[in-house]
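Participant: Could you fit the two chains together into a complex? Lean on the hints.
These protein sequence lines map, in sequence, to chains A and B.
So that you can map any letter, position 92 of the first sequence is 92 in the working numbering, and since no number is skipped, the others follow by simple counting.
So that you can map any letter, position 41 of the second sequence is 41 in the working numbering, and since no number is skipped, the others follow by simple counting.
Source of the hints: derived by calculation from the structure; they are not laboratory data.
What you are looking at is a predicted structure, and each value in this text was computed from that prediction instead of being measured.
Just so you know, even glycine gets a beta-carbon here, dropped at the ideal spot from N, CA and C.
Hints are all accurate, no fakes.
The list that follows gives simulated cross-link-like pairs (lysine-lysine, DSS-like), each with its CA atoms no further than 30 Å apart:
#1 A:Lys2 to B:Lys78
#2 B:Lys11 to B:Lys78
#3 B:Lys11 to A:Lys45
#4 A:Lys42 to A:Lys2
#5 A:Lys42 to B:Lys57
#6 A:Lys45 to B:Lys57
#7 A:Lys45 to B:Lys78
#8 B:Lys57 to B:Lys78
#9 A:Lys42 to A:Lys79
#10 A:Lys42 to B:Lys11
#11 B:Lys78 to B:Lys14
#12 B:Lys14 to B:Lys57
#13 B:Lys57 to A:Lys2
#14 A:Lys79 to A:Lys45
#15 A:Lys2 to A:Lys45
#16 A:Lys42 to B:Lys78
#17 B:Lys14 to A:Lys42
#18 B:Lys11 to B:Lys57
Some residues of chain A that are not near chain B, with every Cβ distance over 10 Å (derived):
#19 Ala20
#20 Leu64
#21 Ser68
#22 Leu74
#23 Asp82
Given next are the chains, with one letter for each unit.
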Amino acid sequence: RKEVEQDPGPFNVPEGATVAFNCTYSNSASQSFFWYRQDCRKEPKLLMSVYSSGNEDGRFTAQLNRASQYISLLIRDSKLSDSATYLCVVIGSARQLTFGSGTQLTVLP
Amino acid sequence: GAGVSQSPRYKVAKRGQDVALRCDPISGHVSLFWYQQALGQGPEFLTYFQNEAQLDKSGLPSDRFFAERPEGSVSTLKIQRTQQEDSAVYLCASSLIFSNEQFFGPGTRLTVL
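The shape of chain B in the complex, shown without the other chains (with noise of 0.2 Å):
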């Protein structure tokens, strides 16, 4: 079956923009991760879906970051008015249930000049 998989792969920003990223988990698993990975270092967990509930955003680093998943199943993570340090890839996970292994998609590389 497919894996997670991720839109754009690839995205530019210029300062100041809104993105979108999009998250297609496997089909049926109920939690959804989003993480942030800086050059050189681990994921950093930004927020994490039971369902269409989002339990846990304890890591979104500014009011600036705002995921949903409306329908339990496909999420975005919308970062408005990117700044610079935004820069990075952002993953996204799922899983059957919270302590399975997660699956993760390919990234979105997000370059903000």
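With the rest of the complex left out, here is chain A (with noise of 0.2 Å):
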């Protein structure tokens, strides 16, 4: 089983939804969770840091649910510029950093 897994989709949305992204994670000591994004033949870029009370950013609301081990990633109103895949990365206590396989997430006119 892989340390950190993510649905690969494709998710194919038309502008305007609202679409939701999981990633679990395996190691229950994990310290640290962010959602990056990466452009096509791009660098990965931090979109948010992910805490435990949950956090909001304009559009986008990351959870993280320790319980079950995993987070989310929500995005409201999907415009075309979300079109992106979208990876979530996990460090554990032991200072390894580990990122998710990514969602490809499409947005349609």
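Facilitator: Right under this line is the structure:
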């Protein structure tokens, strides 16, 4: 079993739709969690950190469920520019840093 | 200020050749990471430096891979006797401290023929 698992998609949604991605992790001692965005043939860029209390940044909401060991990303009112691959990142207690394989999102006009 | 830069951006090597990939992190960033990203996959951790100290090299796939950061700034990832399975994008990232946001360079796309 991979340490960090994501549904690879692709998710194809119309503009304006709400879409949610989940990411599960196997190391219960994991300490820090992030969502990164990667455009085609570009480097990953931080989208948002994920806090235990959940956090929101505009149309984006991230949540952490430690009991079930998963994090989620919700995107509301999808824009064409949201089309990208979304990577979840987990940092463990031994400072191991693990990326998921990414979930591909395409927002259609 | 300048971001993370990597060179070369593209490298084609014949199987068996040695290659050296360079990373210039953001000035003042203590932590530096190397990743390998195969097509359609997320980045896979290779190694991590805190200043000049290589604190974790558990992700290096074989002893043909070697990384250094002698002065705590620029880092070089060297791959000896390249194999076709080494073909990937090699990403470098830096952060102020380990658990902070990582800033990625554009990557070096290595193709081994």
